[in-house]
Amino acid sequence: MSSSRLVWVRTSIWIAFLVLSTAALALLPHMGYSLAFWFNLLLWIAMASGLNLMAGFTGYLPFGYVAFYGIGAYAAAISVKMLGLPIWAGLVASLLAGAALSLLFARTMVLRGIYFSIVSLALAVICRLLIANLPDSVAGGSFGIPLGISNPLGSYYLMLAVALATLLIVTWLAQSRLGLALLAIRDDPDTAEAMGVNIGRARLKAWVLSSIIASVTGAIEAWHTSIVDTETAFNLLISTKAIIYAVAGGLGTVIGPVVGVVTMLIVDDLIWQNFPILNVFLLGLVIVLLMLFLPSGIVGTLIRRKPALRRVLF
Amino acid sequence: MYTTLLIQALISGIILGALYGLIGCSLTIIYGTMRVVNFSHGEFVIGGCYAVMLFYVASGLHPLLSVPLVFVAFFVIGLALYFLLMPRLSRSDDPELASFLTFYGVSLMAGAALLYFFGADTRSLNYVFTPSVIRIAGFILPTAQLVVLGIGLLIIIALTWFLYRTIQGKALRAAIMNRDAIQIVGVNINNLSALAFGLALGLAAVTGVLLALVFPAFVPFSGLDFTLIGFVVIVLGGLGHPVGAIVGGIIFGIAEQLSIIFLPQSLSQVVGFIILVGMVALRPSGLFGKVAMR
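Line by line, the protein sequences give chains A and B.
Going letter by letter, the first sequence gives residues 1 to 314 in our numbering.
Going letter by letter, the second sequence gives residues 1 to 294 in our numbering.
I should point out that these hints are in silico values taken from the structure, not numbers from a laboratory.
It is possible that some hints are incorrect.
According to the in silico footprint, chain B covers these stretches of chain A (three or more CB under 8 Å from chain B) [as the list claims (entries may be wrong)]:
id, stretch
1, 104 to 115
2, 127 to 137
3, 228 to 234
4, 241 to 251
Ranges of calculated distance between the beta carbons of each label pair, as one might list FRET restraints [claimed, not checked]:
id, chain 1, residue 1, chain 2, residue 2, range
5, B, G119, A, A106, 41 to 47 Å
6, B, A174, A, L168, 33 to 39 Å
7, A, F37, B, G119, 47 to 53 Å
8, A, N198, B, R88, 35 to 41 Å
9, A, P307, B, N188, 34 to 40 Å
10, B, D121, A, N133, 55 to 61 Å
Ideal placement from N, C-alpha and C gives every residue a C-beta, glycine not left out.
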């Protein structure tokens, strides 16, 4: 099988899978299922894949990814509650806020490795503290902003759309020139530059895209729960969870983060049901074992052990 | 009145900063020798807090007598963790990322274990020095802070002596500078790394003992805060530079304490992080770092 045909086949299988799952998930509300689990699943798929866009394709791991999620939630809440705009305007505001913040933080990409990660984390903490200290009339202060509108069904469908869009973007990226350029930069920046790749621009595109996904996800979550406050919207666990889910599936693969989210949410659920007291301990143990025995994630390890699986997994 | 306040803030900033510096110092020893991001570092600091509490409750002896005991206990825990985790981790493609996540898991486990054994309530070491305050030139200083500063300085001196004057210490610094070259000259990097890991966890726990004397209370889940401070401090001081970390810690401590005077309490936490971002923008390699990390 030639390489372009291989790519065509596996992409078609994957897109068909996505379309079918989306259709099934879109029908869920009509069958009377509780949406809480599924909303959560879609939210984490969007977050983990959004993070993968940055971490998997450029090698930069933003510990402070939550900054974009939080700023999106706040942009939406402020537009809707304080400025009285409709919800779609709030979503646009969150998108713009995410893009603006990512451009503001773009300079941090001169740092590499753990340096970048720590500074990104510090920036997330700064964002949280600054918003918590804004006057109550602007951002609700430490009590947060109650939106006063809640639309579980609408936010569920929107989350479905965003999760699907994120996966399609990552799928496109994996075959595009931009994706190829990013992988080249990740593996050997000097050679990539010598071959004529504009390192700064390519990275910036991935960074802004990845940030927008997080900020829109944050806005939808705000709409879903109808309240935002700094402690939950900027909770560092959101970054770590997105990272762990993405890594569990396999950073740099398209399917990996989805597999990671589904697996880890199921494991999490099982642990909660069976060992309520030891749940955090066991979750930690699962993470340690995962990293020791499957360091490239579930999908990454499968591809490596059985290269034939490249026909369907990527 | 204002200057008194200022000077007192400066002094407590130096004391806390020295402790932050010690946390950063032990963290950078691990990161420097192994490129391992020990995300569970703060939990071991808190572990030290609980260890001294147990020691004091069980024996009734002076809490400071627990320092050697706690050091040895956590040194052994460090060795065990090293031999349990590192052989597999160091073989992964991206040890930095793999270790970060592994130790995030360890951090969850350690935090959960502390919660299980000690409960969620804040605990404190109910030990009061007599006299509880000392007056020096008109300034009222808590004895605990002075004692802790003294011991902190002793530890820093001992550590500096170890790193610069003993053969193991020199090997450790050499390993931080160039992990490959040191193996060529015949150093067993495995044993050296194990030593570094044990030393770092021992130091972290001893820092916890000192913190318990100064900080009024501790809870099982404040580990992450200390880990974060440790990372900020080492980026300030320059990655892989143990002494730089201590200077970074003191800067961070002073900034934090001064901003408590000038800014509302909730905003004062920002200052340390803003210094970090400013430092990275102006001098990405940190105060003492010679080579910019690419």
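Here's how the hints hold up against the structure:
no., hint, result
1, 104 to 115, "holds (count 8)"
2, 127 to 137, "holds (count 4)"
3, 228 to 234, "violated (count 0)"
4, 241 to 251, "holds (count 4)"
5, B:G119 x A:A106: 41 to 47 Å, "45 Å, holds"
6, B:A174 x A:L168: 33 to 39 Å, "50 Å, violated"
7, A:F37 x B:G119: 47 to 53 Å, "31 Å, violated"
8, A:N198 x B:R88: 35 to 41 Å, "38 Å, holds"
9, A:P307 x B:N188: 34 to 40 Å, "36 Å, holds"
10, B:D121 x A:N133: 55 to 61 Å, "29 Å, violated"
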